[in-house]
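Number of protein chains: 2
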Amino acid sequence: MLELYHYWSSVCSVKARIALAEKGLDWTSHHVDIFAGDQLTPEYLALNPNAVVPTLVHDGRPIIESTVIIEYLDEVFPDPPLTPRDPYDRALMRIFVKNGGDDLLQFIGLTSIDRYIGPKLRQRWKGHEADLEAFINRKPGNRAMQLRAVRGQLTREEINAAYARIDVALDRMEKMLTQRGGPWLIGDYSLADIAVAPHMHRLERLGEAKRWEQKRPAVAKWYERLNARPAIQKAFSFLPPDGKGYEEVGLAAAPAST
Amino acid sequence: MLELYHYWSSVCSVKARIALAEKGLDWTSHHVDIFAGDQLTPEYLALNPNAVVPTLVHDGRPIIESTVIIEYLDEVFPDPPLTPRDPYDRALMRIFVKNGGDDLLQFIGLTSIDRYIGPKLRQRWKGHEADLEAFINRKPGNRAMQLRAVRGQLTREEINAAYARIDVALDRMEKMLTQRGGPWLIGDYSLADIAVAPHMHRLERLGEAKRWEQKRPAVAKWYERLNARPAIQKAFSFLPPDGKGYEEVGLAAAPAST
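In order, the protein sequences belong to chains D and E. What the first sequence shows, in our numbering, is residues 195 to 452, in sequence order. What the second sequence shows, in our numbering, is residues 195 to 452, in sequence order.
If several chains are the same, the list does not tell them apart, and a pair holds so long as it fits within one copy or across any two.
Computed cross-link-like contacts, BS3-like style, restricted to lysine-lysine with a CA-CA straight-line distance of at most 25 Å:
id	residue 1	residue 2
1	409	333
2	333	369
3	333	320
4	438	428
5	409	369
Just so you know, the hints here were simulated from the structure itself, not pulled from any lab data.
With the rest of the complex left out, here is chain D (with noise of 0.2 Å):
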């Protein structure tokens, strides 16, 4: 028995949501709004401490971070197999892994909510701002960067230092992929492909592709073949009870693939 507390269209969630696809497996969903707060109920918290999602739980049991629920997934359920054989193989695919759950998450983040997450909030909550800034603040962990991000108060430095290590990370994936010959990352497809694609996909939809399809080919070439999988357009397809899509929260790009 699987389940998975999630958000639509959070990146962390889409990931744990390709592992499941990619593995064929069934899973119950519990949709968390995460703007509404569902992450700071008591019940939530008992699961997750640290009120973000995925949770998974499988037979009863909780696994937080989407960076250790898809080794797990993996682990429990080796068929398909998506973790190389070879140690340092392995070290490669973790460095992904790892990428995945803070540099881009962190960045590409900070560069979704001052150019669209932002806005719309403000918007959302035109005329009560102070109650936006607490509803931030009840989230855990120093949101001072976030609360900056909100307001728009991003300086062109801060915003520059993101996408450089948003490029550090594109070209470590042009890299392996000109010196192993992919097609994947690490050579077969393996999570550090999952771990990343949903930046990728993220990434787009904040117009932000020509950063591979202009300059990175072996990059350009990896992410056609990324969207062409079944199990990642299955995890994207995803909607939110109301049934509103990326248009609603200003995510309207199209992926070039679809």
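Starting from the known structure of chain D, fit chain E onto it as the hints suggest.
For chain E alone, kept in the frame of chain D given last:
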């Protein structure tokens, strides 16, 4: 042939040294003076494009990220094993490993800079503050929070939020040790213990051992057991080439166990 590029007091470097010591492995040391900018040379960036320590080089092949390095060492040198066999226990272990590589690193890092490293740097670079900021800005990534910490500009709210996250991690440790009965976080000694050990040591040197000595008795006993391990003592006893230790960086408080 194992080589480690590391800095003596860096928490992530200590983590790699603990894993090497637990496995009884010999390795060649390359000390990277991160305060002198050694991590920004083209030679080092070719090994580690993130410009951070440590980097492990095994038979000529570099492995970056301390969380990835310790899993790699455990896979390649399986004796003694440092990973549980049960997949759910492995997931629990990886949550601690991840936590040591993000939340704990980020928030203990901020409080370290605010209380010790920042004042020391301001003293050393007195009259050359612009050069200090230029040096910090040469490092990749979004350095806004780090710059504010170096300037002593973090607010009480930001510091409190950082300690709140640290407390969440300590609570998780207390809960694991209590529920599972120890003696180590997941039961047997594992990468989970290694991943958080350097952070606990840093917290102690920041004068924050009261967080477990007064409130979390299972963590307090675990920390005593930890410090009794020869590999832990060996990893923490590594000194820089000039032989100047913790006193030099303003972290003079001796661990309770020594």
